[in-house]
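Enquirer: Chains as they are written, first to last, in this note's numbering: chain A, 13 to 253; chain B, 155 to 311.
Rather than coming from a laboratory, the hints here were simulated on the basis of the structure.
Accuracy of the hints is not assured; some may be wrong.
Some chain B residues judged to face chain A by a derived CB distance under 10 Å, without partners named [claimed, not checked]:
1) Thr197
2) Cys203
3) His231
4) Ser236
5) Arg286
6) Phe287
7) Ser289
8) Thr290
9) Leu295
A few chain B residues that don't get close to chain A, going by computed Cβ distances all over 12 Å [said to hold, decoys possible]:
10) Glu159
11) Ala216
12) Ala218
13) Ala219
14) Glu242
15) Pro258
16) Arg272
Here are a few chain B residues that face chain A, going by a calculated C-beta distance under 7 Å [said to hold, decoys possible]:
17) Thr201
18) Gly202
19) Ser285
Only a predicted model underlies this, so the values are computations on that prediction, with no experimental measurement involved.
Note that the Cβ used here is the ideal one computed from N, Cα and C, for glycine as well.
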Amino acid sequence: MTSSFDFTLALGDDALIAAQRLGEWTSRAPEMEEDIALANIALDQLGAARLLLTYAGELEGAGRDEDALAYLRDDREFRNCLLVELPNGDFAVTMAKLFFLAAYQLPGYTALAGCADERLAAIGAKARKESAYHLDHAALWVKRLGDGTEESHRRMQAAVDQVWPYTHELFAPWPGAPVDPATLRADFDTCVDAVLAEATLTRPADGWTPGGGRDGVHTEHLSYLLAEMQVLHRAHPGANW
Amino acid sequence: MTPREVVAAVVDPEIRVITIDELGILRSVDEDPATGRVVVTITPTYTGCPAMDVIRADIRRALAAAGHPDAEIRTVHSPAWSTDWISERGRAKLAAAGIAPPAPVRAGNVVPLTLAVRCPRCGSLDTEQVSRFGSTACKALWRCRSCSEPFDHVKAL
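Kindly generate the complete structure, drawing on both the sequences and the hints.
Expert: Structure follows, in structure tokens:
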């Protein structure tokens with residue numbers, strides 16, 4: 013296995029698990045437009061996940077396709093960051109998660125678009141356009157809730173505080189990867205600082221830095237998510253509809 | 155009809171007033187000179203576009219009906235589709251169907267600045283965005299303040 017395989021798998025797993033979590037909002041969002049928005053963003057994430065996992069399977073060369081990678085791996089074999097597997101929480105937590113994810117994915121895909129690997133570059137060039145809309149959407153909500161009522165401000169700040177520790181894992185150095193995530197931190201910080209300031213929110217102090225997702229060490233939340241996501245395919249191998 | 159004409163006439167399954175050629179997702183139609191096999195290359199609007207399987211099936215069906223039962227359909231992602239590839243004719247058809255066509259993408263901006271969107275029903279520029287995400291991945295939901303009608307807008311990408 014190459015570093016390219018691990019890296020492609022990690023990005024694909026980020027997108028796949030984010031899609032699954034966002035999909036949980038379908039029919040439950042606070043307003044109909046938001047329901048459609050979250051489903052659309054989930055679909056974009058799923059689209060990127062399919063391209064990345066398909067390519068990861070080819071890089072591995074062991075005959076695993078996107079379905080084998082999505083449905084037939086156990087929790088310890090997933091390489092997504094912890095941020096995406098965290099439960100949705102209230103709407104503010106979901107928006108904090110999406111905001112931080114998009115603020116990392118947008119510079120990540122943009123850098124990927126310029127990398128030496130042609131397939132990854134094509135995926136990056138495609139996904140970054142969609143990612144820009146995700147960032148725009150999440151940032152709008154962070155501002156609206158942060159600079160809204162006393163209650164919405166309180167809950168948005170609580171969400172940012174709760175999720176913030178999980179952002180550090182995204183930028184752990186990965187020497188030799190097609191894009192070293194450590195190089196994305198500056199863009200992330202610039203974006204996050206600007207949006208939080210406009211939202212009248214405070215950027216939390218850096219302290220606890222949970223991690224392990226890239227090594228397959230996850231929170232228990234991922235196991236429950238996978239149980240639901242994989243049950244049909246595992247009960248009916250090769251099911252198609 | 156040539157294979158190119160056959161494929162170009164296939165309509166988009168989600169926006170049925172416009173063909174896949176006018177939408178700009180049909181990249182090429184070639185014939186293998188040795189075997190005569192038709193090779194079609196398409197690209198998705200969005201990575202997760204759920205219509206791709208239907209589009210592939212529609213292309214296959216149209217070519218089979220025209221005497222090319224063994225067509226090969228390839229999907230490419232680079233260069234990434236842009237709303238700038240929607241033809242003038244396609245834009246006119248969208249507008250006629252009540253779907254506001256996208257503005258040109260400005261070079262350098264990943265999320266294009268949205269200038270005023272003209273209401274496809276009454277022509278007013280006094281419109282507002284209701285949601286950045288609409289009935290399909292490629293559309294946003296807008297509302298006209300003049301005639302009060304909601305409408306879809308193909309967002310620039």
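Enquirer: Would you assess whether Ala216/B, listed as outside the interface, keeps its beta-carbon beyond 12 Å of every beta-carbon in chain A?
Expert: holds, 24 Å
Enquirer: Quick one, is the Cys203/B hint okay against chain A at 10 Å, beta carbons?
Expert: Holds. Min distance 7 Å.
Enquirer: Does Thr201/B meet its interface restraint, that is, does its C-beta lie within less than 7 Å of any C-beta in chain A?
Expert: holds, 3 Å
Enquirer: Using the nearest Cβ pair, does Leu295/B come within less than 10 Å of chain A?
Expert: holds, 6 Å
Enquirer: Does the CB of His231/B sit less than 10 Å away from some CB of chain A?
Expert: For His231/B, the interface hint holds, since the closest Cβ of chain A sits about 5 Å away, which is under 10 Å.
Enquirer: Any Cβ of chain A at or closer than 12 Å to Glu159/B, or is the non-interface label fine?
Expert: Its Cβ never comes within 12 Å of chain A, the nearest being 28 Å, so this holds.
Enquirer: Just want to verify: Ala219/B was marked as not at the interface with chain A; is every Cβ pair farther apart than 12 Å?
Expert: holds, 25 Å
Enquirer: Just to be careful: measuring from the Cβ of Arg286/B to every Cβ in chain A, is the smallest value less than 10 Å?
Expert: Holds, about 6 Å.
Enquirer: Closest CB-CB distance from Glu242/B to chain A, is it above 12 Å?
Expert: holds, 22 Å
Enquirer: If you take the shortest Cβ to Cβ gap from Phe287/B to chain A, is it below 10 Å?
Expert: holds, 4 Å
Enquirer: Hint Thr290/B vs chain A: min CB-CB distance below 10 Å?
Expert: Where the cut-off is 10 Å and the nearest Cβ of chain A is about 8 Å from Thr290/B, the hint holds.
Enquirer: Quick check on the hint: Thr197/B CB to chain A CB, less than 10 Å?
Expert: With a closest approach of 9 Å, the Thr197/B hint holds.
In this structure, none of the earlier numbered hints is contradicted; all agree with it.
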